[in-house]
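Starting from the given sequences, assemble the full structure and let the hints guide the process.
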Amino acid sequence: MAEFERLRALLLDPERQRLDALEAARDGLPQALPAALEAAARGADAERLARALAEPVAGALGSAVREQRQTIVDALFPIIGPAIRKAIAEALRDFTEGFNRALESSLTPRGLRWRLEAWRSGLPYAQVVLRHTLRCRIDHLFLIERETGLVLHHAAAPDLPDLDADAIAGMLTAIGDFVRDSLRLGGGAAGSLASATVGEHLLWVIEGPRANLAAFLRGVPPPALHAQLEQALERLHAELDNPLQGLQAGAADAGAAFAAALDPGALERAAVQPERPGRGPSRPWPLLLALLLPLLLVLVWAAWRGREAQRWQARVQSLGERVRATPGYLLTAVEDIPCREIVLRGARDPDAPPPEGFLAPRPPGCEAAVRFEFQPVLSLAPAIVAARARRLLAPPPRVVVEVDAAARLSLRGAAPAAWIAAVRAQAAWVPGVSGVDDADLHASDAARGAARAELARLDGELAGLRVAFAPGGTGADDSAALVAIAERLRRALALAGPAGLQVRAAIHGGNDASGNEAVNAPLRRARAEWLRAALVQAGLPAEALQFATDDALVPPTAAATLPQRSAHVRLILEDADAKP
Amino acid sequence: MTATARKVCMLGDFGVGKSSLVARFLRNTFDEKYLTTVGVKVDSREVALDDGRSLKLVLWDIAGKNALDALNQNYLRGATGLLLVADGTREATLRTVLGLLMQARSLLPEVRAVLLLNKLDLVERWEVAPSTVAELRHALPVFETSARTGDGVEPAFAELARSLLP
Numbered sequence: 000m001a002e003f004e005r006l007r008a009l010l011l012d013p014e015r016q017r018l019d020a021l022e023a024a025r026d027g028l029p030q031a032l033p034a035a036l037e038a039a040a041r042g043a044d045a046e047r048l049a050r051a052l053a054e055p056v057a058g059a060l061g062s063a064v065r066e067q068r069q070t071i072v073d074a075l076f077p078i079i080g081p082a083i084r085k086a087i088a089e090a091l092r093d094f095t096e097g098f099n100r101a102l103e104s105s106l107t108p109r110g111l112r113w114r115l116e117a118w119r120s121g122l123p124y125a126q127v128v129l130r131h132t133l134r135c136r137i138d139h140l141f142l143i144e145r146e147t148g149l150v151l152h153h154a155a156a157p158d159l160p161d162l163d164a165d166a167i168a169g170m171l172t173a174i175g176d177f178v179r180d181s182l183r184l185g186g187g188a189a190g191s192l193a194s195a196t197v198g199e200h201l202l203w204v205i206e207g208p209r210a211n212l213a214a215f216l217r218g219v220p221p222p223a224l225h226a227q228l229e230q231a232l233e234r235l236h237a238e239l240d241n242p243l244q245g246l247q248a249g250a251a252d253a254g255a256a257f258a259a260a261l262d263p264g265a266l267e268r269a270a271v272q273p274e275r276p277g278r279g280p281s282r283p284w285p286l287l288l289a290l291l292l293p294l295l296l297v298l299v300w301a302a303w304r305g306r307e308a309q310r311w312q313a314r315v316q317s318l319g320e321r322v323r324a325t326p327g328y329l330l331t332a333v334e335d336i337p338c339r340e341i342v343l344r345g346a347r348d349p350d351a352p353p354p355e356g357f358l359a360p361r362p363p364g365c366e367a368a369v370r371f372e373f374q375p376v377l378s379l380a381p382a383i384v385a386a387r388a389r390r391l392l393a394p395p396p397r398v399v400v401e402v403d404a405a406a407r408l409s410l411r412g413a414a415p416a417a418w419i420a421a422v423r424a425q426a427a428w429v430p431g432v433s434g435v436d437d438a439d440l441h442a443s444d445a446a447r448g449a450a451r452a453e454l455a456r457l458d459g460e461l462a463g464l465r466v467a468f469a470p471g472g473t474g475a476d477d478s479a480a481l482v483a484i485a486e487r488l489r490r491a492l493a494l495a496g497p498a499g500l501q502v503r504a505a506i507h508g509g510n511d512a513s514g515n516e517a518v519n520a521p522l523r524r525a526r527a528e529w530l531r532a533a534l535v536q537a538g539l540p541a542e543a544l545q546f547a548t549d550d551a552l553v554p555p556t557a558a559a560t561l562p563q564r565s566a567h568v569r570l571i572l573e574d575a576d577a578k579p
Numbered sequence: 000m001t002a003t004a005r006k007v008c009m010l011g012d013f014g015v016g017k018s019s020l021v022a023r024f025l026r027n028t029f030d031e032k033y034l035t036t037v038g039v040k041v042d043s044r045e046v047a048l049d050d051g052r053s054l055k056l057v058l059w060d061i062a063g064k065n066a067l068d069a070l071n072q073n074y075l076r077g078a079t080g081l082l083l084v085a086d087g088t089r090e091a092t093l094r095t096v097l098g099l100l101m102q103a104r105s106l107l108p109e110v111r112a113v114l115l116l117n118k119l120d121l122v123e124r125w126e127v128a129p130s131t132v133a134e135l136r137h138a139l140p141v142f143e144t145s146a147r148t149g150d151g152v153e154p155a156f157a158e159l160a161r162s163l164l165p
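The listed protein sequences correspond, in order, to chains A and B.
Residue numbers for the first sequence follow numbering that gives the first Met the number 0, beginning at 0 and rising by one.
Residue numbers for the second sequence follow numbering that gives the first Met the number 0, beginning at 0 and rising by one.
These are computed hints drawn from the structure, not numbers from a lab.
Each hint should be verified, as a subset may be incorrect.
In silico DMTMM-like links for lysine to aspartate or glutamate, alpha-carbon gap of 25 Å or less [what the hints assert, rightly or not]:
{"hint": "1", "chain 1": "B", "residue 1": "LYS64", "chain 2": "B", "residue 2": "ASP120"}
{"hint": "2", "chain 1": "B", "residue 1": "LYS64", "chain 2": "A", "residue 2": "ASP180"}
{"hint": "3", "chain 1": "B", "residue 1": "LYS64", "chain 2": "A", "residue 2": "GLU146"}
{"hint": "4", "chain 1": "B", "residue 1": "LYS64", "chain 2": "B", "residue 2": "GLU109"}
{"hint": "5", "chain 1": "A", "residue 1": "LYS85", "chain 2": "A", "residue 2": "ASP73"}
{"hint": "6", "chain 1": "B", "residue 1": "LYS64", "chain 2": "B", "residue 2": "GLU90"}
Written out as structure tokens, the structure reads:
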């Protein structure tokens, strides 16, 4: 047995020791694995390790998202917040920039200038805005000898770091050859790498017979830039056409020409300059409009000024004619400053109407001050002489003062005797009066007395004239008495003016002694009404005829006689001055 | 342009150490991947000579091939100098680079060439016999170089630059 064990040990010990080592390694795998992965990640097999881990790591991440969501959320929280904030900030910045650009291009002088440029050049406004707002910069310009790929000239933007221009030019040439060869175009074929884009960077390669021009651009280049570069390359070929001294690598005398022709800043500026007139579709009407508009405004202004001047002259002329047509005025000169002042000079009688009356109504048009410069003068115009006579003689209201064309003063009407006596002494001395006619002027005192006396007489006669009625009757047939009463009343009313009295008629009805008062009072009233109606029918004014009360004039008496069975009229005389 | 520039192409078989020599001598502007994609990698260096003159060498490191195809012939266009590289431990690479030289001379009759026998640090394994090297020196400048240690690299480039100066 012992030999068997010894034999067994001899045969299997190495195997058992290997198994023990494997088990120990397996047990220690969790502790050794991180170090092993780190070593693998640093070693040559790092890429292989990454490929091997890609699928299980993705699967583990998926399982973690499904089963341990909160853990994933907690782990990503510090990353997601800043990322979202950065994205929002970028979006807001873009929005703000766009908004500012829109505002600037719409409301600022620059925007108006761009619009004018668009009108002038015939380009759409959007294209002009893009041309001015899109930023494009030439980072590098390489003039490369076509045969060797060597750099003839290199120009770069000022803030860019130095680079191996020869290596880059060589690689560009090599890549161009590579592209041409890949497309099986052959060495002499015209096609080649003309442009390439990487992100915001752009490469243009412009080929020439002996040299190529490579431009590294950033941003969006204006369309004219490519043409500018082509022209620069053509110019270089034309100016430096000696293959031995011109476009050869290392030709020192060509350096200045290269630098002048390939200045990035100058090329950029030339590319954004507006196109020359005639190169694009031009629209001359905006320019014509710009020229015609001021002319039109001048014409409108001139027409308006002409109309205003015409209106002003009409106003001045009208004012002068009104002054000339007014008696008592002698107009010698009219001066005016349009829309500022009118000056009227001449002579004016003090009895002429005041000149302020000419200012109304105010004519339409501009405001202007009107100044009157009149010297005093005595006018012989009949109207002014009459006004002067009225002012000097102060006639009473019932006296009419007139002056005829021969300057003869006419006085008519009634006036106090004392005034008449005075005016007969003064009237001839009124300036401008050549004679006085006072034949129709009579003293008002004597006429009034006579009129009043006649009125008293007429009242007495009326008291005796009665229209008789039959007993109990309210209608009469006494035409003779009625006619007599009407005649005297008509005369009395005519004398009211000369007498200076107000004349009215009071109509009385009467009754005899028979009957009581209840019967007689209506009877008296009826008889008075009959007489009034008859007088109105005879043509006398109704307003001058009123019914008189018995108490007022004819109180009934107990001894009424036949004549009391009648109706009659008495006069009521009141001072005219007492009742206006 | 501070110095006159010359285009120099580097030719040689696979694995002879061309890229290592470039890495030793030049600034390595571009990544090695261009060699496998475009088939060429361009670098430059200004070489100062003992006499005070200098020359900028623009070196086109052309991917190793047995023969020049059409694309590589395009890459050779305009070159005034050749750097021929062979692996001293593999005599076959010497025959290849000499074949490339013959092909290049048919395209560029006036081209100047320098031969670099590389991997001098493994000189004990060299297959190229010294007598062969001595024979080659009659035809063109030969330099034994080591990209690993840098031995012989600078003189080889300097010699080429000197031969390219006008």
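Hint check:
Pair hint B/LYS64 plus B/ASP120 holds up; C-alpha atoms about 24 Å apart against a cutoff of 25 Å. Between B/LYS64 and A/ASP180 the CA atoms are separated by roughly 17 Å; this keeps the pair inside 25 Å, and the hint holds. With a CA separation close to 23 Å, the supplied pair B/LYS64 and A/GLU146 stays within the 25 Å bound. With a C-alpha separation of about 22 Å, the suggested pair B/LYS64 and B/GLU109 falls inside the 25 Å cut-off, and the hint holds.
Straight-line distance between C-alpha atoms of A/LYS85 and A/ASP73 comes to about 20 Å, which keeps the hinted pair within the 25 Å bound. Taking the CA atoms of B/LYS64 and B/GLU90, the gap is about 15 Å. The hint holds against a cut of 25 Å.
Figure legend: structure checked against the earlier numbered hints; every hint is met.
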